[in-house]
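Undergrad: Here is how the chains run, residue by residue.
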Amino acid sequence: MMSAVMEQRPSAMQRAMEGDADSFAMLIDPLLNPAYRLAAVMLSDRMAAEDAVQEASVKAWRNLRQLRGDESSLRAWFLSIVANECRMTRRRRWWSVVKSAEVESERRSDAPSQEALTDLRRALARLGPDERLPLVLYFYLDLPLDEVARTLRVSQSAAKSRIYRAARRLRSDLTLEEVS
Amino acid sequence: MSKDFRRDLNREFDSISGSPSPALSARVRVALAENRPSRTGPFWMAGLAAGLIAAIVVGVLVVASFNRHQTSVLPGTAPTPSAAPSASPSASPTASPSASPSPVATPTSNLPAFVCGVNTSLSPQQAPLSAYVSDVRTGTHAGYDRITITFTDGLPGSISLKPQNSATFASGGGQGGNVTIAGQAGILVTMSSADEHTSYTGPTDLKTGYAVLAEARQIQDFEGYVQWALGLQSPACYRAFTLANPTRLVIDIQSS
Chain A
363 MMSAVMEQRP SAMQRAMEGD ADSFAMLIDP LLNPAYRLAA VMLSDRMAAE DAVQEASVKA
423 WRNLRQLRGD ESSLRAWFLS IVANECRMTR RRRWWSVVKS AEVESERRSD APSQEALTDL
483 RRALARLGPD ERLPLVLYFY LDLPLDEVAR TLRVSQSAAK SRIYRAARRL RSDLTLEEVS
Chain B
91 MSKDFRRDLN REFDSISGSP SPALSARVRV ALAENRPSRT GPFWMAGLAA GLIAAIVVGV
151 LVVASFNRHQ TSVLPGTAPT PSAAPSASPS ASPTASPSAS PSPVATPTSN LPAFVCGVNT
211 SLSPQQAPLS AYVSDVRTGT HAGYDRITIT FTDGLPGSIS LKPQNSATFA SGGGQGGNVT
271 IAGQAGILVT MSSADEHTSY TGPTDLKTGY AVLAEARQIQ DFEGYVQWAL GLQSPACYRA
331 FTLANPTRLV IDIQSS
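The listed protein sequences derive, respectively, from chains A and B. Positions 363 to 542 (the numbering used here) are the ones given, in order, by the first sequence. Positions 91 to 346 (the numbering used here) are the ones given, in order, by the second sequence.
What you were told as hints is all true, and nothing was included just to trick you.
What follows is a list of derived Cβ distance ranges for each label pair:
id, chain 1, residue 1, chain 2, residue 2, range
1, B, Thr270, A, Asp413, 47 to 55 Å
2, B, Arg97, A, Pro392, 20 to 28 Å
3, B, Ser248, A, Glu380, 53 to 61 Å
4, B, Asn335, A, Pro506, 38 to 46 Å
A short, non-exhaustive set of chain B residues, derived as facing chain A with CB atoms under 7 Å:
id, residue
5, Glu102
6, Ile106
7, Ser107
8, Ser115
9, Ala123
To be clear, the hints were calculated from the coordinates, so they are not data collected in a lab. Since the model is a prediction, treat every value here as computed from it, not as a measurement. Glycine included, C-beta positions come from ideal geometry on N, C-alpha and C.
Model the full assembly from the supplied sequences, consistent with the hints where possible.
TA: Here is the structure:
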């Protein structure tokens with residue numbers, strides 16, 4: 363009797379778990395861009411951000427067996443490693459305390475009024491890296507709340523509270539209902 | 091959420107981050123190829139690691155023991171110039187266990203004197219955007235009980251201590267209500283530009299049962315304000331000062 367079960371090719375995640383670096387590189391390749399953006403905003407330093415992403419990638423690779431869940435859990439897990447790497451980078455480089463100068467970069471023709479933008483920029487520069495983190499995850503990377511929570515390693519309500527708290531420092535008239 | 095807010099915010103984030111270098115992906119691939127995941131090593135490596143860890147643990151215990159016997163002045167440190175508390179008469183009607191705001195004890199070391207029933211405020215000269223609490227510890231010593239709050243990224247913007255004649259404190263964070271902790275008196279410690287939820291994962295309620303410091307409980311960690319309520323067995327004199335390496339706030343409550 364012929365077997366009805368066809369042999370399946372192992373998934374990229376399975377191959378990565380077995381030590382295949384190319385498979386792991388393929389898995390995290392789509393995550394490098396959001397990881398870089400997260401790191402760049404946390405560190406306010408583009409070169410340091412790329413270094414942090416590279417280092418985080420290696421750490422994720424070395425500790426892949428600690429990943430709980432399947433491939434769908436990879437993004438939040440990887441971004442949390444990137445965020446940790448950024449914190450370590452900041453600790454190593456004490457002089458990098460909020461290098462807000464890079465905020466003063468290129469301007470676009472469709473930019474909002476100079477005054478409004480300056481207020482937001484100033485408010486943003488006053489936020490610490492860990493206050494920027496929930497904003498980046500939720501607004502910039504457009505992660506759903508449950509993934510923001512997993513990245514921050516807190517409950518969803520705590521994640522929502524952090525987003526709200528940080529956003530209110532940028533816009534004081536914000537209501538909790540708007541962060542949902 | 092206003093679309094304008096999201097759009098403006100993302101525009102700012104865009105201007106900060108720009109785009110990653112096109113070489114980032116290749117750079118990561120090379121780094122991955124050079125760094126294989128760790129595998130289970132030979133048994134001799136496990137033995138070596140165990141021996142190393144044991145040596146470190148013994149070293150830490152020896153140092154900790156040494157520190158415990160030398161705590162009237164913390165080892166290798168002295169209060170920073172900004173650490174001397176500026177005692178001022180209390181404005182609070184509940185904060186006067188003693189009629190005299192003057193120091194009642196002169197320590198034999200170079201630590202500040204104990205003060206009784208008066209508010210104390212410390213204002214670090216160069217406060218960071220946010221001082222992250224990384225550790226909170228309590229201990230009991232001859233003549234005083236101590237709580238130490240350790241920070242990363244520097245000291246909070248301001249630190250105030252307010253003694254009171256009860257162990258009931260107003261709950262912080264706009265939650266309303268009161269919090270009653272162990273003891274018959276208390277000291278409210280308020281730190282601005284501080285953050286206890288990012289780096290600190292330890293307990294937020296320490297029931298000590300010491301001679302004077304009965305309990306220490308965090309009652310606020312919201313919008314840059316961190317408050318700890320200290321429950322005392324009875325009104326007591328105290329001293330507060332900051333130390334460096336690591337950056338920390340030390341509060342001693344006199345027990346005899």
